[in-house]
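S.K.: The primary structure of each chain is shown beneath.
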Amino acid sequence: MGYNPMRVVYDYFMWLYFQYSVSLCLPLLEPWEIKMLNTILVALFATTVYTTYSFLPPHLAMWTRVLTSPHDG
Amino acid sequence: MADEGVDVSAVGVPTRNGFKNGYNSYKNGQTNQEAKHQNGCSKNGKNGLPPKIHPKPFEMFEQTPLLIAVLTYLGYGILILFGHLHDLMCQLGMTKPPVATETVKEVNLLAENSTASIWPHTIIWDLPKMKAHVLKQAKLTTKQYGCGVCSSRHELGNLAIHKELEDLLAEFVGTEAAITFGMGFATNSLNMPTLVGKGCLILSDELNHASLVLGSRLSGASIRVFKHNSMKDLEDKLRNAVIFGQPRTHRPWKKILIVVEGIFSMEGSIVNLPDIIALKKKYRAYLYLDEAHSIGALGPDGRGVVNYYNCDPSDVDVMMGTFTKSFGGAGGYIAGSKKLINYLRASSHSCCYASSLPGPVVAQILTSMKIIMGKDGTDDGMKRICQLAWNTRYFRRRLHEMGFIVYGSSDSPVIPVLIYCPGKIASFSRFCYERGLAVVVVGFPATPIIESRSRLCLSAAHTKEMLDEALDIIQEIGSKLTMKYSRAPVPSFSEMDPEFRVRYKMLPDTANGKD
Ligand SMILES: Cc1ncc(COP(=O)(O)O)c(C=O)c1O
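Taken in sequence, the protein lines are chains E and F. Position one of the first sequence corresponds to residue 1 (full-length UniProt numbering), numbered consecutively onward. Position one of the second sequence corresponds to residue 1 (full-length UniProt numbering), numbered consecutively onward.
Honestly, the hints are just simulated from the structure, not real lab data. Quantities reported herein were computed from a predicted structural model and do not represent experimental measurements. We put the CB at the ideal spot given by N, CA and C, even for glycine. Heads up, some of the hints might be wrong.
Short derived list, chain F residues pointing at chain E, Cβ under 7 angstroms [said to hold, decoys possible]:
1. Leu71
2. Gly75
3. Ile78
4. Leu79
5. Phe82
6. Cys421
7. Pro422
8. Gly423
9. Lys424
10. Ala426
11. Ser427
12. Leu481
Taking the hints into account, I'd like the entire structure generated from these sequences.
M.R.: Below is the structure:
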């Protein structure tokens, strides 16, 4: 068996998904429920990432300005 | 007030048994222990034998890791949400309620597969081998006494074979007398009301079996629950009970009954009997000991926790046990002083209104008890007891070394392995089953939410090969499910400990046992 880096990465992600699924009881749910839960979680995660990406830098910039400028209320 | 408590204790300490002295000489008592064993176990307090040595089993209850606890709650949250969603959809007619069609199929398979399973409890019988002998005995008895008794002990259900069993039982557990009942659960729940009632206090371990809980409630006595195996909590509650008496009236309690089990069936822990007996004597309480899991399985002679700790059987007021586990039969017993047994015989509901043990069952119990006691002329029973003790230590040590969180005492054949997440519970059971190992997993209502576990029960019929096979499967699946949570150092007990080898004479040959 040749050493295939793609395979290793793939296996690692499969392992991660497996750990995620047993920790959150996915084996006890129906297939459609699993899909639904995954969709919701992915959507939540994506929203979080997107909002962080788009709002955090300006927000941080604002606060640095507020905290560092001496003559600001 | 506090002075009063001290006074009571001073009166109550019996010096006769020299409990304190025996305890202090624990360290240097190895040789005495050996001498004691040749004398057999019963009535060791009466012959002026060497001081008592109480073994100190290793016991550990590791805390739940925080992350795992959070994940477990999250998992249950998700399950509850989807459960409600399911119910809603069923009500709206969008899905059909789930129908458990596959269960029957699985149950059949489990039964067929049972050679590799580690469920058959603490039974120390290798059933196929034993069958011929025991069945012959049972057949003879059936011819003589018939299948059922159809009457209670007070009426026509009092057979000669019952008397024989009770005499043998009293000898086995080392008490003056014993009485048997048709069901273990009913033994607890119907006899406790006979022993205590209004104006009495029951101090009950928090993990006591349902039958003890039911019995306590039926009795009408006040119930106070102490922390599992915590001598400090028990002493606090006892002292308060003695000092303050009954609520409002402050009359003294009529009786104080401490109710504990020998081996706790979910925790795998062994009751701290020497300390409880000391407390009981100090505060003049009574002790009710349920040996359902420990009788026939624990101690160098297989005679339960009293034998295991080398205590005097007469220090335990009520010794209760069942025949369902180690003896492979049915029913329960109570052993104690002659006075107590006569009282129970006359006034217990289960003597008056319940039918007595069927003859063939009694024959089975008699046969197995004789084998454990070595009265059948072989050392088969002793071999089994030692095999079980060895199996327990070996299996527990290997599990600890693999990094599982294992609850309980190093010598208890009930072995809870902690799993925690509900998803892992189901997967553990399924994966093990796919590989030919049937395991029992226990979840929320039977355990606290964040302490779900798999309960493995060892038997003397297991050989090292079987245990190794099971351990390999558990190892593989434990890694796959990342169940090896333990952060505590690996405990140092093992089946090779000299102290352990001295106690159990006929341990299996383990020259090649090192792996
Ligand atoms: C501690 C304890 N007491 C009593 C019983 C009841 O015994 P039986 O099954 O013989 O009714 C059990 C049964 O599991 C038990 O674990």
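S.K.: When the hints from earlier in the document are held up against this structure, which numbers fail?
M.R.: none
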